[in-house]
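S.K.: Using the sequences and the hints, build the whole thing.
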Amino acid sequence: MALEATGIPLEAGRRALALANQLYHQIPQVSQADSLRRERNRLQDEMESLGSQLQQQRATNRQLAEELAAARQLPKEHQQKAYRLRKQLRAMLQVLEHPQAKERTKLARVEQLIRAALDTSALEFDTLYDDEHPPAEPQ
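First residue of the sequence shown: 1, per the UniProt record's numbering; consecutive thereafter.
I should point out that these hints are in silico values taken from the structure, not numbers from a laboratory. Careful: at least some of the hints might be erroneous.
Stated by the list, open to error - Derived lysine-lysine pairs resembling BS3-like cross-links, with alpha carbons at most 30 Å apart:
1) 102 to 87
2) 81 to 106
3) 106 to 87
4) 87 to 76
M.R.: What follows is the structure, given as structure tokens:
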């Protein structure tokens, strides 16, 4: 339409437009922009891939840290159990060696201590009597 108004044949105008388009894409700035765009897209894809790998690695590290903390806690738990057992045994020995307690009282108190030791919800053995306050007679 505009070509015909200027007197240029339509087919010649289309060829000229195609040639101009081809030359435009061969211009260094345009081809450089395309290559930079492709490079940017490649880098974005690589960054996304690295980001997901980093998230997976962080999750793995967190899980390993939790497992390590649990593994480090195991010896402490065993030490605490051994400490409580020694404490319970000392309490029983103290009851048995008490000079003012009667045998029946000693046996009753040792029985209480053993039952408390076997009960997982037992109170601590800090409530032992001393020489000034001997145990009461069992009823």
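S.K.: Give a verdict on every hint.
M.R.: We went through each hint and held it up to the structure:
no.: 1; hint: 102 to 87; verdict: holds, 22 Å
no.: 2; hint: 81 to 106; verdict: holds, 25 Å
no.: 3; hint: 106 to 87; verdict: holds, 17 Å
no.: 4; hint: 87 to 76; verdict: holds, 16 Å
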